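Undergrad: In order, the protein sequence lines correspond to chains A and B.
Per numbering that gives the first Met the number 0: the first sequence = residues 0 to 398.
Per numbering that gives the first Met the number 0: the second sequence = residues 0 to 398.
The set of hints was computed from the structure by calculation and includes no laboratory data.
Please note: incorrect hints may appear among the correct ones.
Subject to a maximum C-alpha distance of 25 Å in a straight line, what follows is the list of computed SDA-like cross-link-like pairs (lysine to any residue) [as the list claims (entries may be wrong)]: (1) LYS328(B) - TYR100(A); (2) LYS328(B) - ASN178(B); (3) LYS88(A) - TYR100(A); (4) LYS237(B) - GLY20(B); (5) LYS328(B) - ALA385(A); (6) LYS88(A) - ASP46(A); (7) LYS237(A) - GLY20(A); (8) LYS328(A) - LEU326(B); (9) LYS327(B) - ARG285(A); (10) LYS310(B) - LYS237(A); (11) LYS328(B) - GLU205(A); (12) LYS328(B) - ASP111(A); (13) LYS88(A) - PRO60(A); (14) LYS237(A) - ASP203(A); (15) LYS327(A) - ARG395(B); (16) LYS327(A) - LYS237(B); (17) LYS327(B) - ASN383(A); (18) LYS310(B) - ASP203(A); (19) LYS327(B) - THR376(A); (20) LYS43(A) - LEU326(A); (21) LYS327(A) - LEU379(B); (22) LYS327(A) - GLY20(B); (23) LYS328(B) - ARG395(B); (24) LYS327(A) - ARG16(B).
Note that the coordinates shown come from a computational prediction; the quantities given were computed from them, not determined experimentally.
Protein chains: 2
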Amino acid sequence: MSQYRTFTAADAVDYARQYGGVANPTSLVDALEIGDGNLNLVFKIFDTEGVSRVIVKQALPYVRCVGESWPLTLDRARLEAETLIEHAKYCPQHTVRILHYDAALAVMVMEDLSDHEIWRRDLVKGLHYPGAAQQLGEYLAQTLFHTSDFVQHPHLKKAEVARFLNPELCEITEDLFFNDPYIVHERNAYPAALESDVAALRTDDELKFAVAGLKHRFFAHAEALLHGDIHSGSIFVKAGSLKAIDAEFGFYGPMGFDVGTALGNLLINYCGLPGLLAPREAAAAREQRLQDVRDVWVTFAERFLMLAAEKSTDTALAYPGYAAEFLKKVWADTVGYCGTELVRRTVGMSHVADMKDIGDEVMRTECIRHCISLGKTLILAAPNVADIDALIARIRQNG
Amino acid sequence: MSQYRTFTAADAVDYARQYGGVANPTSLVDALEIGDGNLNLVFKIFDTEGVSRVIVKQALPYVRCVGESWPLTLDRARLEAETLIEHAKYCPQHTVRILHYDAALAVMVMEDLSDHEIWRRDLVKGLHYPGAAQQLGEYLAQTLFHTSDFVQHPHLKKAEVARFLNPELCEITEDLFFNDPYIVHERNAYPAALESDVAALRTDDELKFAVAGLKHRFFAHAEALLHGDIHSGSIFVKAGSLKAIDAEFGFYGPMGFDVGTALGNLLINYCGLPGLLAPREAAAAREQRLQDVRDVWVTFAERFLMLAAEKSTDTALAYPGYAAEFLKKVWADTVGYCGTELVRRTVGMSHVADMKDIGDEVMRTECIRHCISLGKTLILAAPNVADIDALIARIRQNG
């Protein structure tokens with residue numbers, strides 16, 4: 000095994016020549032580092048024509064955050080590559096292709112998606128990609144079904160649970176999703192004007208029980224190999240195409256966590272649009288966002304049930320109708336985890352452009368207030384939201 | 000590491016001299032094999048006075064069953080020893096003490112419990128051990144709480160899940176509990192007169208959904224390090240003492256599986272008593288059994304809540320009142336798994352003395368019919384049985 004060293008641009012070019020699967024490797028001549036430098040190095044590798052051909056991504060042995068730094072396992076490169084390789088087995092059309100990875104160097108070579116855009120960037124502009132929501136639903140259904148007990152042999156499933164334990168990255172989620180926003184914590188960051196809204200999260204018994212239950216299920220319910228962080232910033236889109244990337248949080252967890260994270264980021268955008276666009280455009284984009292939420296869930300649920308009917312191998316779980324019963328629990332989890340995503344992106348430390356890009360401070364504060372309020376509502380209502388129609392009705396009710 | 004070889008009596012004596020922790024090892028001179036020879040060799044090791052001092056138990060590399068034989072992992076000796084060692088950390092008073100084990104030889108040396116009796120043998124006689132039910136509840140609470148997300152650090156918990164994956168033994172449970180009794184299977188064995196009762200189990204949608212859900216949660220819900228097979232034949236008792244043994248099915252699973260297995264075997268006895276004792280004695284013993292069921296659950300639940308209040312370390316799960324919310328789910332699982340134990344011990348292949356020892360064939364068939372009926376009732380009712388009083392009322396209602 001090679002020893003870890005931080006790649007230079009020249010190292011990245013050499014590596015891409017070796018492992019990039021390019022027909023004429025010596026045509027690769029240049030590298031541009033495009034990562035944010037906090038967590039990973041991300042090099043675009045260019046050929047002699049100046050065309051970007053592959054990506055070389057390397058994990059750095061630390062994460063730098065607001066006011067503090069801590070070491071972070073290099074094993075996350077292996078986890079990211081292996082999660083994406085697993086997901087690509089079941090949904091190659093919506094998973095970025097990993098061409099090569101090396102666990103000791105914490106490096107991977109993957110397909111270049113320069114012709115795509117990060118979904119969040121365009122959601123913030125109010126842009127719509129027809130079919131993207133359905134493609135995301137398809138990705139969720141294919142990856143979650145095929146790594147579940149419906150079809151994965153119990154011996155293999157148990158070995159896979161061990162391969163994807165991922166304690167360090169899970170701990171980040173455990174802290175940022177389920178602890179920080181509901182206690183006083185220095186990592187939290189929200190407008191001072193919302194202090195009373197946030198303080199109310201810390202003392203609401205019913206809310207604290209619900210969040211504890213969601214955290215407990217995140218700890219204990221190994222239902223499928225999750226992406227683990229499938230927000231709109233981990234998704235590339237272009238017309239007719241959607242690709243999931245950045246799966247270093249991959250582990251066996253509750254399906255509703257992935258589905259809820261996906262829906263949650265569409266709803267954060269929904270909450271932010273009035274601050275991002277002119278009123279008429281915002282109203283239209285919000286309607287589209289609710290339609291997206293519906294399309295993600297409906298596509299996910301329909302495809303999941305279809306796969307369960309066709310492909311389930313477990314004697315008991317294959318019984319006709321059981322998958323639909325199970326999906327009721329996935330739905331309740333989805334609504335709950337969706338709510339925690341809304342809260343942790345506004346009260347906690349990990350903020351997103353859907354809120355940050357709102358120029359007017361008063362408007363930004365109101366959008367954040369709405370997002371917190373909707374998140375709290377969804378967490379509390381999760382066990383009692385009958386279906387997608389009832390969810391959308393509640394969202395409209397909330398403002 | 001030493002290589003596996005089947006122990007002779009002389010090997011067992013030598014081994015006990017080395018690892019038995021006896022003050023004067025050469026006083027150990029004789030061994031008697033007391034296992035049933037199907038799964039394990041179990042040697043009692045005697046000293047020069049003819050007193051049994053320690054037990055040497057070795058796993059055999061196969062299991063011999065009705066009409067077939069199949070290999071079974073020797074790793075089960077490690078799993079048994081390591082589960083019992085873990086449980087003894089938290090409940091030494093009710094866990095057999097492991098003095099030494101060797102994974103390669105699949106052998107362990109453990110304390111001798113010759114002064115105890117297998118609980119089932121005495122339950123079949125209608126005997127009562129005051130305090131035994133409470134001690135069992137205490138064992139369940141201590142072992143399940145201390146290996147749960149309430150108190151086990153997430154990094155350790157994940158490593159422990161991997162240490163106790165136990166795919167082969169889990170598969171036995173997956174098949175015998177959740178598949179066989181609900182399909183036509185050659186391993187099943189029940190009186191021909193009950194064919195229509197059993198056939199009804201195979202076509203009841205609601206029952207099949209409920210059993211699939213219980214199996215799914217057995218697969219996916221890693222709540223605590225279970226004993227995995229805590230029936231009355233895995234429990235030694237004497238006046239004032241109770242000890243769990245035989246933990247080779249240990250793995251991280253849903254707490255309700257252990258609690259339900261424990262309650263289920265008391266209820267199998269309840270169903271069998273009218274065939275085992277004279278009417279007046281049977282009636283008194285049945286009342287005692289219902290009291291035992293109550294005492295196991297109440298002791299378990301009260302101790303669990305006490306431990307959760309005192310010792311929970313997880314920020315979210317420690318929130319006052321959450322443990323009681325969580326116990327509602329454990330309760331529903333308990334009732335459901337209890338029901339599957341009643342069914343699999345009568346319809347499936349693993350029968351128990353509480354039924355087998357009933358001499359009169361007609362009476363035996365009626366007791367088995369009752370047990371199947373009660374099992375089915377509990378599986379179906381599990382999500383709606385409010386509390387222990389409601390459970391006992393349902394049991395009485397059922398006959």
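Undergrad: If you test the structure against every hint from before, which numbers come out violated?
TA: When the structure is compared with the hints, numbers 1, 6, 9, 10, 12, 13, 14, 15, 16, 20, 22 and 24 turn out to be violated.
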